[in-house]
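S.K.: This is what each chain is made of:
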Amino acid sequence: KAGVTQTPRYLIKTRGQQVTLSCSPISGHRSVSWYQQTPGQGLQFLFEYFSETQRNKGNFPGRFSGRQFSNSRSEMNVSTLELGDSALYLCASAWGVGTDTQYFGPGTRLTVL
Amino acid sequence: QKEVEQDPGPLSVPEGAIVSLNCTYSNSAFQYFMWYRQYSRKGPELLMYTYSSGNKEDGRFTAQVDKSSKYISLFIRDSQPSDSATYLCAMSDRDDKIIFGKGTRLHILP
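As given, the protein sequences belong to chains G and A, one line each in that order.
Quick note: the first sequence, position 29, residue 25 per the numbering used here, numbers continuous.
Quick note: the second sequence, position 104, residue 106 per the numbering used here, numbers continuous.
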């Protein structure tokens, strides 16, 4: 079956703009988590959604937000982009929550100029 | 002190050697321990998962957890060039937030 897909794969924005990233989980998966990966900080948890409800949130400013739709697809939004937001944004889906195995997508590479 | 510490490498070993990758952690509430492998331009994939102290083996991979020392390891036997990747340790507590190490870059030399 198809894996986790993320669109777009690459994105270039300028400071102050906003961006929306999309994630389609594996069919049947109801949990979607988002992560930010940078060389300096590694992989950091942003938030987790399950059945359209945010279940967990990491330590990121309010400029980072997300949502999940009834078909489990998820979007994350970053407003007022800063240079430090340049990163690989990874989405992971799982059947359930907690320690259920997460399957990662290939990520969206965001560059902020 | 960071919650999870992992040597970034790179670690270069000859093909066929045993590889040892390690992480230390400070939060005694961590109960679940994972190892992910990430190839270049790909998302991480789960290799091993364990929740108790001791060893867990899966093929050429062995995960080891020592909760008393707050230390986890991943051993790769008979390493292959295809094992060249970044290996990330990860752990979570009852709140299910997963904390990742920064990853160790591994190169297996043919």
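Keep in mind the hints are simulated off the structure, nothing from the lab.
As the structure is a prediction and not an experimental result, all values here were calculated from the model.
Cβ atoms here follow ideal geometry from the backbone N, Cα and C, with glycine treated the same way.
Treat the hints loosely; a few may be bogus.
[To be verified] 20 Å max Cα-Cα, derived EDC-like pairs, lysine to aspartate or glutamate:
id : chain 1 : residue 1 : chain 2 : residue 2
1  : A       : K69       : A       : E5
2  : G       : K53       : A       : E59
3  : G       : K53       : A       : D95
4  : A       : K99       : A       : E47
5  : A       : K99       : G       : E78
6  : G       : K53       : A       : E5
7  : A       : K44       : A       : E59
8  : A       : K58       : G       : D96
9  : A       : K69       : A       : D97
10 : A       : K4        : A       : D80
11 : G       : K9        : G       : E48
12 : A       : K69       : A       : D80
13 : A       : K99       : G       : E48
14 : A       : K69       : A       : D9
15 : G       : K53       : A       : D80
16 : A       : K58       : A       : D80
[Claimed, not checked] Take a look, some chain A residues computed to stay more than 12 Å from chain G by CB distance:
id : residue
17 : P10
18 : M36
19 : Q40
20 : E47
21 : Q66
22 : K72
23 : G105
S.K.: If a hint holds in the structure, say so; if it does not, say that too.
M.R.: Hint check results:
no. : hint          : verdict
1   : K69/A x E5/A  : 14 Å, holds
2   : K53/G x E59/A : 33 Å, violated
3   : K53/G x D95/A : 14 Å, holds
4   : K99/A x E47/A : 17 Å, holds
5   : K99/A x E78/G : 25 Å, violated
6   : K53/G x E5/A  : 17 Å, holds
7   : K44/A x E59/A : 25 Å, violated
8   : K58/A x D96/G : 18 Å, holds
9   : K69/A x D97/A : 18 Å, holds
10  : K4/A x D80/A  : 32 Å, violated
11  : K9/G x E48/G  : 28 Å, violated
12  : K69/A x D80/A : 27 Å, violated
13  : K99/A x E48/G : 18 Å, holds
14  : K69/A x D9/A  : 19 Å, holds
15  : K53/G x D80/A : 40 Å, violated
16  : K58/A x D80/A : 17 Å, holds
17  : P10           : 9 Å, violated
18  : M36           : 8 Å, violated
19  : Q40           : 8 Å, violated
20  : E47           : 7 Å, violated
21  : Q66           : 19 Å, holds
22  : K72           : 18 Å, holds
23  : G105          : 6 Å, violated
Checked against the numbered hints given earlier, this structure breaks hints 2, 5, 7, 10, 11, 12, 15, 17, 18, 19, 20, 23; the rest are met.
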